Amino acid sequence: MVVVEGSYAVAHSVKMCKPNVISAYPITPQTHIVEDLSQFVADGEMSCEYMNVESEFSAISALIGASAAGARTYSSTTSQGLALMHEALFNASGMRLPVVMTVVNRALSAPINIWNDQQDSISQRDTGWIQLYAEDVQESADMTPQLYKIAEDEEVLLPAMSCMDGFILSHVYEPVILLEQSLTDEFLPPFSPEFVLDPENPMSFGAFADPSTYTEFRYKQEKAMEAALLKIEEVANEFNEVYGRYYGGLIDSYLLDDAEIVIMAMGSVIGTIKDTIDMLRKEGESIGLLKIRSFRPFPVEAIRTALKNAKVVITLDKNISIGKNEGALCTEVKACLYNTNLRVPVIGFMLGHGGRDIPISTIVKIINKAKLVEKGIFVESEFADLREELI
Amino acid sequence: MIEIRIHGRGGQGSVTAAELLAVAAFEDGKYSQAFPAFGVERRGAPVTAFVRLDDKPIRLRSQIYEPDYVIVQDATLVDVVDVARGAKPEGVILINTEKNAGNFKLETKAKVKTLDATKLAMDFVGKPIVNTTLIGAFAGVSGLINPESIKSAVMERFPGKVGENNAKAIQAAYDLMEAER
Chain A
7 MVVVEGSYAV
17 AHSVKMCKPN
27 VISAYPITPQ
37 THIVEDLSQF
47 VADGEMSCEY
57 MNVESEFSAI
67 SALIGASAAG
77 ARTYSSTTSQ
87 GLALMHEALF
97 NASGMRLPVV
107 MTVVNRALSA
117 PINIWNDQQD
127 SISQRDTGWI
137 QLYAEDVQES
147 ADMTPQLYKI
157 AEDEEVLLPA
167 MSCMDGFILS
177 HVYEPVILLE
187 QSLTDEFLPP
197 FSPEFVLDPE
207 NPMSFGAFAD
217 PSTYTEFRYK
227 QEKAMEAALL
237 KIEEVANEFN
247 EVYGRYYGGL
257 IDSYLLDDAE
267 IVIMAMGSVI
277 GTIKDTIDML
287 RKEGESIGLL
297 KIRSFRPFPV
307 EAIRTALKNA
317 KVVITLDKNI
327 SIGKNEGALC
337 TEVKACLYNT
347 NLRVPVIGFM
357 LGHGGRDIPI
367 STIVKIINKA
377 KLVEKGIFVE
387 SEFADLREEL
397 I
Chain Z
1221 MIEIRIHGRG
1231 GQGSVTAAEL
1241 LAVAAFEDGK
1251 YSQAFPAFGV
1261 ERRGAPVTAF
1271 VRLDDKPIRL
1281 RSQIYEPDYV
1291 IVQDATLVDV
1301 VDVARGAKPE
1311 GVILINTEKN
1321 AGNFKLETKA
1331 KVKTLDATKL
1341 AMDFVGKPIV
1351 NTTLIGAFAG
1361 VSGLINPESI
1371 KSAVMERFPG
1381 KVGENNAKAI
1391 QAAYDLMEAE
1401 R
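Chains A and Z are the protein sequences, given in the same order. Residue numbers for the first sequence follow the numbering used here, so the first one is 7 and each next one is one higher. Residue numbers for the second sequence follow the numbering used here, so the first one is 1221 and each next one is one higher.
Hints are computed from structural coordinates only; laboratory data are not their basis. No experiment lies behind these values; they were computed from the predicted model shown. Where is the CB? At the ideal position from N, CA and C, for every residue including glycine. There may be inaccurate statements among the hints.
With a straight-line Cα cutoff of 25 Å, these simulated DSS-like cross-link-like pairs (lysine-lysine) come out [as the list claims (entries may be wrong)]:
| hint | chain 1 | residue 1 | chain 2 | residue 2 |
| --- | --- | --- | --- | --- |
| 1 | Z | K1308 | A | K371 |
| 2 | Z | K1250 | A | K280 |
| 3 | Z | K1325 | Z | K1339 |
| 4 | Z | K1347 | Z | K1319 |
| 5 | Z | K1339 | A | K288 |
| 6 | A | K288 | Z | K1276 |
| 7 | A | K317 | A | K377 |
| 8 | A | K371 | A | K330 |
| 9 | A | K280 | Z | K1308 |
| 10 | Z | K1333 | Z | K1388 |
| 11 | Z | K1339 | A | K280 |
Some chain A residues near chain Z, calculated using beta-carbon distances under 10 Å [to be verified]:
| hint | residue |
| --- | --- |
| 12 | I33 |
| 13 | V275 |
| 14 | G277 |
Here are a few chain Z residues that sit away from chain A, every Cβ distance over 10 Å (derived from the structure) [stated by the list, open to error]:
| hint | residue |
| --- | --- |
| 15 | G1230 |
| 16 | S1282 |
| 17 | K1339 |
| 18 | D1343 |
| 19 | G1363 |
Given the sequences, and given the hints that come with them, work out the whole structure.
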């Protein structure tokens, strides 16, 4: 293990995956990842085409072309940069190109804010990209080869986002095991797609589909996501066999089995929740954690099974669907339980917007509020950390 | 778990100090975590950085509200920032100043200690960059980290003469504070 910055650990893991083409536009707090990568390329440590571009829209567009030509491709962005990519994200997915991108999660403007929340990637939910969320630096670094293996699988062939909380994970120094080249080569086979853009054998990607065929393209993307459900679990286990590290596949849990109160969350807040659970368990509370690692594809069956003994479910969201007063995880969890016999209250809390810190005291406050449901006081969904004096 | 908060001004290397502490502590066999308070970086503006040390992996990701140790790189910050905020009563606030601790009327039960780190840095490094000197002093104040680990972390980050000179400042600061402990 070595103590390095989260961004460095991720850049190093990208290097181990040997992408052929990288294209990115620097934006806080993603900058250190692409600085490290461009340094590797400049120093001749990576044999890779690093394309400097004038915007994130160009970065993703360049990778779409490169990926269609058979290259393993990488980008990283955040916030406004990801929003600028929005249109082309659909193209990457619709053309079934397994681009892998680290999204260093950050809030969206206005008001301008460079700090962490997850509104950026959540807002790209329906673009047809796989989305995994990492809990710590090690998981963020290890996610890169996992995502290449998942995305490039011929049953899947979908682009994928590795989501890591901006600053909290990208700028933290903590002990990590940097990926070894030999193990990564053993784990991750080269990208060898069946169909590529080739002047010798011309074909079109993403060409015209009229009403007689368009629906079936969408259906096949959905089927590919279904295949990804299995593949994500499978690859997590394969990774464990090669490297001896495991973070869950679609989901993971902590002291869940006997828990009456289950907290569900994604990303770096997981660690703080685990510490809170340990503290409250000592006081006799029956609390556990259900970590959502894969937000797309959404692990409906796994969640239903995991929640079967829960009495109260709490969802934490670092995002809001304005006009619904709910975060995306809350909405999705409710929806996935509706057509079952499981009638457990799901209480949504939105927090950590624009980098607002999430101390243990905020999690404790949320749990106490959710427990009021036992007394018949039901909160549908609310902001957990509002500063009332500013309203 | 030991929690440390570092106050400085943009350009003084507070974030680097936190990183180097984390590297040194890990070299010493502890788990460590270092992160900045994520301000919009501007030279001269108040900056905060955090460090956690523990015998087991660190999962907590919030900022530090009740530090065991506070390191203040620039004494003028005392008038601008509540450097003593939340400091544990049994904790230590270490201020870089030529003044005695009695000159600082902080609202805290934590012990206030002072060190003229700027003078040490000028003597050994030739520049008023005090971050490495202060983490040497922290090792002396706390007894938590071997000064050799701090010196090797600093010399790895700043190879050659610069690192060696910093190592001398670290040792001097360590010796001064260790004698007081």
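Q | Which numbered hints fail | A | Violated hints: 5, 11, 12 and 16; rest satisfied.
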